[in-house]
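Novice: With these hints in hand, go ahead and build the complete structure from the sequences.
Line by line, the protein sequences are chains A and B.
First residue of the first sequence: 2, per the numbering used here; consecutive thereafter.
First residue of the second sequence: 7, per the numbering used here; consecutive thereafter.
Think of the hints as simulated: they come from the structure by calculation, not from any bench.
Any given hint could turn out to be false.
[Said to hold, decoys possible] Here are the simulated DMTMM-like pairs of lysine to aspartate or glutamate, each with C-alpha atoms no more than 25 Å apart in a straight line:
1) B/Lys267 / A/Glu90
2) B/Lys79 / A/Glu165
3) B/Lys267 / A/Glu272
4) A/Lys56 / A/Glu125
5) A/Lys142 / B/Asp126
6) A/Lys253 / A/Glu168
7) B/Lys79 / A/Glu168
8) B/Lys267 / A/Asp230
[What the hints assert, rightly or not] Far from chain B, by Cβ distances over 12 Å, these chain A residues were calculated:
9) Glu124
10) Gly211
11) Ile268
12) Pro408
13) Gln422
14) Asn448
We treat Cβ as the ideally placed atom computed from N, Cα and C, and that holds for glycine.
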Amino acid sequence: MDSNHFSGRSLPRRKFLEYSLKGGLAIVAAPPLLSSVFSCSGPGRDILPALDMDKATLDRVIAKALAQGGDFADVYLESRNSRQIIMEESRFRSGLYGISQGAGVRVISGDKTGYAYTEDITEENLMRAAEVASYVARNSKLVTPVNIAEAERESFVTVVQPLEAIEDIKRIEMMERANQAALDYDPRIRMALIEYNDQVRSRVLATSEGVYLRDELPMLFFIVQTMSDDGTNRHMSRERISEHSGFELFEKETPESVARRAARESIAMLEAEDAPAGMMDVVMENGWGGVLIHEAVGHPLEADNIAKGIGAFTGKMGEKVATDLFTMVDDGTLPNFRGTINFDDEGTQAQRNVLIDKGVLQGYMTDILSARQLDLPRTGNGRRESFRHIPIPRMTNTFIEAGKDRPEDILADTKSGLFVQSLSGGSVNPVTGMFNFTCREAYLIENGRKTVPVKGATLIGSCLGVISSIDAVGNDLDFGPGICGKGQMAEVTAGQPTVRIRGINVGGSRA
Amino acid sequence: MNYHDLAGRLVSRGRRLGAGEIEVYIQNSRNLSIQVRNADIETIQEAAAGGVGFRVLVDGSMGFSHCNDFSDKSLTETLERAIAFARLTTPDEHNVLPGEMPHTYVEGLYDPSIAAVSMDKKIEMALEVEALAMGDERITHSSGASFGEGDSEVIIANSRGMMKSYRASVCSVGVSVVAEKGDERHTGWEFSSRRNFGDLEPLDEIASRAAKKAWEMLDPRMVPTQRASVIFDPAVARSLLGGIIAAINGERVLQGASFLKDMMDERFASSLLTIIDDGTRPKGMSSKPFDGEGVPVGKRTLVEEGVLRGFLYNTQAARRAGTESTGNASRGGFTSLPGIGTHNLYVAAGRHTPEAIIANTNRGILLKGVTGYGINPVNGNYSGGATGFWIENGQIIHPVQGLTIAGAASDILNNIDMMGNDLDLNRSLAAPTFRISEMQIGGA
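Specialist: Next up, the structure:
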């Protein structure tokens with residue numbers, strides 16, 4: 002079962018209740034009617050009064066959580082206000098507004114975690130959650146929590162035009178501009194789907210180590226899908242922009258430019274022919290193609306499966322696992338990036354983590370629990386989807402560092418193979434290391450030139466195989482925004498320069 | 007709190023605040039998740055949660071809002087948000103709410119005894135299923151076992167006189183283990199998920215299936231790129247069915263974004279393919295008395311011997327298509343608008359045993375795992391990664407992994423040439439083993 006899934010589609014409208022084994026190796030899906038329990042809801046306005054719980058109360062909750070023993074406890078309070086507006090077939094189909102708030106109490110005792118949450122944030126409910134969470138610590142040694150005090154964390158997010166100050170009519174206008182630009186691009190563009198999402202997430206964090214933190218992060222996510230139809234073929238493409246940002250994001254990148262990029266792909270792919278099958282060389286364009294290493298290398302470097310002794314990179318620290326050209330970084334501090342977090346959902350300061358340096362494995366991504374289990378530093382990767390979830394090791398902004406090659410030289414130097422220009426997404430089994438991802442826009446390479454477009458093919462391989470087969474890295478590092486699922490959702494970016502992989506299995510429909 | 011009364015009051019309040027029509031969707035849930043690993047507890051999570059979603063129509067325009075705070079002030083504010091948002095959207099004569107209709111009675115959806123089983127017993131079950139799987143000497147590591155349960159109550163009321171509710175439960179137990187040989191690792195996981203506690207499968211059966219899935223994949227070999235038969239195990243049927251379901255979604259069809267949009271009452275697949283959607287099966291994991299907007303569910307034949315017989319509609323899409331809702335409004339909980347989805351969907355059983363299908367296969371793959379997005383519902387293109395077993399002369403000869411399979415949906419579905427008799431309706435998306443006579447396989 003491939004559990005770490007980097008969704009190439011927009012946020013799922015329905016999400017199944019999942020009882021996932023920690024690390025997400027096995028997921029047992031229950032019927033959809035139970036979904037709201039774990040479903041990601043939206044909203045966030047002002048920090049709600051409920052998050053204003055005083056520090057003395059939080060100290061009492063933490064003390065209660067550790068009353069039966071345990072090594073660590075924390076309280077996480079969250080409120081989220083969200084908006085979603087959908088335009089389909091040139092009509093504003095629906096507007097959604099959501100408010101969601103709640104708080105969870107966690108206890109870690111040795112390798113055990115207890116967690117309970119409430120949506121009605123009162124001291125009484127938090128004390129009850131603390132009692133439930135403390136169940137796992139029965140009969141363990143007692144520790145004395147440190148009283149909480151305000152902690153300092155650096156911020157990497159600046160906002161010029163706060164979302165709360167933007168009138169809905171402005172949002173509508175951006176969508177109309179995108180829709181018009183898509184339809185004007187070519188008469189064969191039959192439909193555009195425009196999805197505007199924003200949210201403000203406020204969080205308060207208090208831990209038994211004495212840390213108290215509070216912040217508020219806005220997020221804007223704008224998605225344009227276009228469908229072309231020439232009577233014979235059809236192609237649906239997708240372009241997205243997303244940052245922790247105010248409305249100024251649309252000044253950096255206009256709705257028209259997003260829409261035209263989507264429309265260009267829709268038209269180009271009408272000519273697509275059947276893709277070839279079997280092993281071939283692949284050149285991947287810069288940007289969102291970074292989803293390849295997000296899947297193939299990123300997930301297997303999350304420390305939870307390493308701590309279990311079953312991850313594909315278990316026991317390989319300090320070893321040469323890739324070519325000298327390959328340096329891979331996870332960095333939660335890139336200014337305003339979608340995957341940037343300031344501090345993670347356990348209070349650890351976000352930082353730049355070099356995971357693989359010139360081919361040598363240098364680090365795993367940890368949360369508090371896996372760092373304790375492996376005796377490693379905390380890297381600021383303990384993230385959670387909402388108060389309904391416990392933190393687990395997750396990526397932030399993950400990318401291959403730029404190399405020296407010019408992208409055009411990489412292509413010219415490739416006799417034959419596949420040029421992958423955009424991907425839908427992919428997934429990996431972090432234990433076996435087997436990954437897959439699906440092309441949306443791809444071309445044959447013949448004698449060092451991009452030639453005919455080919456239909457969406459799945460590319461598959463093993464994590465250790467692929468990174469030792471990267472033999473060219475471009476100087477054109479770029480990024481794309483995405484949604485990563487691992488039993489719970491996380492906002493991330495993936496990035497890479499143009500790279501070449503020697504030999505990857507392509508799922509084409511002709512020999 | 008009496009949620010029926012609350013729902014009724016909120017409908018009236020919505021009307022007073024300016025909604026022409028209003029639907030109130032309340033959901034309350036409780037769940038417990040226990041994870042164990044290496045014979046000890048790893049995680050225990052418990053929660054109760056609930057909230058309200060408001061769908062309002064103002065002069066034919068639709069707005070939606072939701073909140074998880076039942077205080078009077080928050081409910082009113084959230085309602086006002088939906089009404090304000092409705093004024094932004096485009097009026098659409100097809101935006102209507104269903105009226106009150108009698109609903110189907112479905113047996114066995116709720117088992118109150120799950121919650122009465124002690125926490126210690128549930129922990130014990132997770133520990134036992136792990137121990138049983140680890141007892142297989144070919145297994146080297148555990149990646150954990152779990153017990154999970156939940157129950158949920160849904161209340162739907164609307165301004166056209168609807169007021170209905172139902173309650174359902176689920177429980178599950180599962181395990182995931184690893185088999186290793188040198189640097190090679192394989193995972194095997196298995197679970198049993200049921201509406202009723204007493205219907206869970208025996209732990210030793212779950213454990214031995216999980217262990218077998220891990221060790222049977224050891225020592226995979228590559229095969230050359232070629233065209234050959236592909237046998238779909240029931241576990242991977244979703245890979246083909248998902249794209250068909252998306253392509254008969256009535257809304258996609260109306261948008262022209264479906265490879266089946268012009269195929270109603272036409273043959274598009276082998277006559278061995280019959281697909282049925284049944285929301286009424288007793289104890290069914292996706293059964294329910296009514297759909298996500300209160301319309302009764304039924305049992306429908308969607309594909310009959312290869313001929314397309316039905317699209318899926320909710321009320322809005324049906325109205326636009328000039329037909330009636332098929333009771334296929336799906337709902338991702340109180341936080342989302344009704345979409346379109348299936349209930350218990352299955353491929354009707356054929357007459358061959360899985361063993362006979364393998365024995366009749368000259369050369370091909372028995373698929374156990376497929377990755378990728380399945381059939382692309384827009385253009386019917388199919389491509390995926392494949393693992394399973396290689397068959398020569400009717401015999402399984404070795405495991406394979408790292409292969410790809412691909413083709414056009416029309417070719418694949420027309421080339422179904424053997425249909426198995428091993429249908430297990432406990433899955434909400436179910437199919438027997440079936441064979442595609444020939445597909446492109448990518449390998450060495």
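Novice: Evaluate each hint against the coordinates.
Specialist: Against the structure, the hints:
no. : hint                : verdict
1   : B/Lys267 / A/Glu90  : 17 Å, holds
2   : B/Lys79 / A/Glu165  : 20 Å, holds
3   : B/Lys267 / A/Glu272 : 21 Å, holds
4   : A/Lys56 / A/Glu125  : 15 Å, holds
5   : A/Lys142 / B/Asp126 : 22 Å, holds
6   : A/Lys253 / A/Glu168 : 19 Å, holds
7   : B/Lys79 / A/Glu168  : 23 Å, holds
8   : B/Lys267 / A/Asp230 : 13 Å, holds
9   : Glu124              : 17 Å, holds
10  : Gly211              : 25 Å, holds
11  : Ile268              : 14 Å, holds
12  : Pro408              : 26 Å, holds
13  : Gln422              : 16 Å, holds
14  : Asn448              : 22 Å, holds
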